[in-house]
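From first to last, the protein sequence lines are chains W and R. Sequential numbering from 205 applies to the first sequence in this note's numbering. Sequential numbering from 205 applies to the second sequence in this note's numbering.
Hints may be right or wrong, so weigh each one.
One copy or two, either will do: identical chains are not told apart, so a pair holds if it fits within one copy or between any two.
[What the hints assert, rightly or not] Lysine to aspartate or glutamate pairs mimicking DMTMM-like chemistry, simulated, CA-CA at most 25 Å apart:
1. K268 - D310
2. K332 - E293
3. K303 - D341
4. K317 - D363
5. K268 - D343
6. K332 - E235
7. K266 - E248
8. K258 - E302
9. K303 - D363
10. K332 - E392
11. K258 - E392
12. K317 - D343
13. K258 - D363
14. K268 - E248
Rather than coming from a laboratory, the hints here were simulated on the basis of the structure.
Number of protein chains: 2
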Amino acid sequence: MVRTKAEKVKKAKPVRDAIATQAVILAAAEEEFAQHGLTAARTEAIAAKTGVAKSMIYYYFKDKEGLYRAVLERSHADLLQTVQNLDWEHLFPEVALEKFLQALLDCVSRNPKLPAMMFHEAIQNHGKYYKDSSSVDIDRISIAILERGVAAGVFRPLDPFQSAINIMGTCLFYFIGAGNIQQFPQGEQLLSPAMLQRHAEEAIALVLAGVRAPSKPIAPAEHE
Amino acid sequence: MVRTKAEKVKKAKPVRDAIATQAVILAAAEEEFAQHGLTAARTEAIAAKTGVAKSMIYYYFKDKEGLYRAVLERSHADLLQTVQNLDWEHLFPEVALEKFLQALLDCVSRNPKLPAMMFHEAIQNHGKYYKDSSSVDIDRISIAILERGVAAGVFRPLDPFQSAINIMGTCLFYFIGAGNIQQFPQGEQLLSPAMLQRHAEEAIALVLAGVRAPSKPIAPAEHE
DNA sequence: AATTTAATCGACAGACTTGTCAGTCGATAA
DNA sequence: TTATCGACTGACAAGTCTGTCGATTAAATT
């Protein structure tokens with residue numbers, strides 16, 4: 205029975221596996237960068253988490269910044285693709301918004317470190333490494349959905365730009381604030397599946413109720 | 205005419221003024237810490253912004269951590285006092301929530317770096333320097349307001365704990381995300397008085413609409 | 001005017017960090 | 001079995017950052 209190289213690699217788990225090593229470095233780096241940001245992250249700390257020598261970071265990713273870029277790219281790939289596959293243009297604004305929020309919350313629940321990374325990037329580096337990245341697209345889509353909803357009269361006459369930001373905050377703050385909230389009884393298991401599920405429901409409910417136009421769109425509540 | 209020491213200090217602006225020096229150090233430190241967090245902040249960078257020698261930091265604040273604590277304390281004093289003076293217990297839940305949000309947004313508009321500091325603290329240090337600080341109180345008050353509103357039936361049957369977090373996010377994310385949003389046309393003047401005013405209005409409107417129980421409590425809109 | 005006290009500075013020691021390098025070791029294939 | 005190549009390591013050079021110290025000078029006091 206013939207065994208291909210790939211099979212061997214997968215099953216035998218060889219001592220030296222370039223792909224696996226890069227993967228563990230990326231995983232450890234994501235954790236470190238999410239917590240500390242680019243500058244305060246220590247390559248030594250990343251290496252310590254992986255078990256491989258620190259020099260492997262430089263071997264595979266050139267330098268700390270290269271590793272940072274790689275982590276950022278990988279983290280956003282999922283989010284970007286999910287949101288772009290949304291096909292929101294063919295949906296009613298309310299449905300589009302709900303689907304959008306659901307997709308966003310699924311992504312970040314899957315990878316709860318993403319928001320922290322985004323905010324380090326925003327605050328420390330002013331989005332320097334985001335120039336062509338996903339976050340801009342995501343903002344654009346949410347703004348567009350809101351604009352349509354307002355135009356159609358199913359949403360309040362809100363400011364789409366401001367509201368898009370605020371809605372993001374409603375969904376994502378939870379993941380950032382987690383560290384500060386641990387003083388509360390519930391704070392211990394903030395990232396458990398049950399709590400994540402609950403957070404998604406609450407955030408979506410809050411946003412949908414928050415943007416919806418009051419009472420029926422057919423019979424305007426205003427005078428005239 | 206007799207001049208007290210204090211008057212002299214204020215008017216003559218002496219070359220050496222301990223209070224003034226500490227103040228400029230605190231201001232510069234706030235900026236640096238807000239952008240970089242405790243670890244990544246550079247004492248040299250702080251000193252450079254002040255114009256006084258780096259050693260003054262150690263003279264007045266012992267070490268970097270001491271300065272950090274001082275900044276954190278000063279930043280929160282305003283917020284804590286404002287929110288505690290709220291007297292929310294004597295107000296209807298809706299009014300209490302609106303006043304609370306208004307107060308919160310006033311504070312952070314006055315000091316837009318506060319949210320960034322809070323989030324560095326949350327993510328990097330897991331709220332280590334917050335143990336007895338204001339943020340916990342603030343969260344408690346917002347939770348209490350929501351609980352009352354739900355009990356009174358004027359708010360939806362939301363989860364007060366989750367919703368308090370999400371509402372904070374709605375209000376504060378704007379100030380953190382600012383760095384990433386600068387790619388947009390509006391992004392340039394995100395912290396101008398007009399935009400801050402607008403943000404406060406939009407955030408409050410979104411939250412109030414988001415928590416309010418649907419239609420009138422007297423005449424239920426549901427079937428039946 | 002002389003003396004004391006407090007604020008300030010510049011230089012630097014020591015610790016910590018990044019990134020490099022020479023060389024080891026394991027797998028694959030001739 | 002041995003040569004080759006890529007994965008991997010430990011030690012270290014170079015640079016950065018914190019925190020200290022003695023000297024210096026402005027203000028207060030006598």
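Here's how the hints hold up against the structure:
1. Proximity of K268 and D310 under a CA criterion of 25 Å is satisfied in neither setting, with 29 Å inside one chain copy and 39 Å between copies.
2. Taking identical chains as interchangeable, the C-alpha atoms of K332 and E293 are never at most 25 Å apart, the minima being 30 Å within one chain and 45 Å between chains.
3. Within a single copy, K303 and D341 get their C-alpha atoms as close as 16 Å, which meets the 25 Å cut-off; across copies the closest is 35 Å, which misses it.
4. Taking identical chains as interchangeable, the C-alpha atoms of K317 and D363 lie at most 25 Å apart only when they sit on different chains, with a minimum of 24 Å there against 29 Å within one chain.
5. Taking identical chains as interchangeable, the C-alpha atoms of K268 and D343 are never at most 25 Å apart, the minima being 28 Å within one chain and 37 Å between chains.
6. In the homo-oligomer, the alpha carbons of K332 and E235 lie at most 25 Å apart both inside one protomer (20 Å) and across protomers (19 Å), since each shortest distance falls under that limit.
7. Proximity of K266 to E248 under the C-alpha cut-off of 25 Å is restricted to the intra-copy arrangement: shortest distance 15 Å within a copy versus 28 Å between copies.
8. Proximity of K258 and E302 under a CA criterion of 25 Å is satisfied in neither setting, with 44 Å inside one chain copy and 52 Å between copies.
9. Taking identical chains as interchangeable, the C-alpha atoms of K303 and D363 lie at most 25 Å apart whether they share a chain (20 Å) or sit on different chains (22 Å).
10. Proximity of K332 to E392 under the C-alpha cut-off of 25 Å is restricted to the inter-copy arrangement: shortest distance 15 Å between copies versus 34 Å within a copy.
11. In the homo-oligomer, the alpha carbons of K258 and E392 never lie at most 25 Å apart, since the shortest distance is 32 Å inside one protomer and 40 Å across protomers.
12. Taking the closest pair of Cα atoms, K317 and D343 come within 25 Å of each other both inside a single copy (19 Å) and across two copies (23 Å).
13. In this assembly of identical chains, the alpha carbons of K258 and D363 never lie at most 25 Å apart, being 49 Å within a copy and 45 Å across copies at closest.
14. Proximity of K268 and E248 under a CA criterion of 25 Å is satisfied in both settings, with 11 Å inside one chain copy and 22 Å between copies.
Of the numbered hints given earlier, the model fails hints 1, 2, 5, 8, 11 and 13; all others are met.
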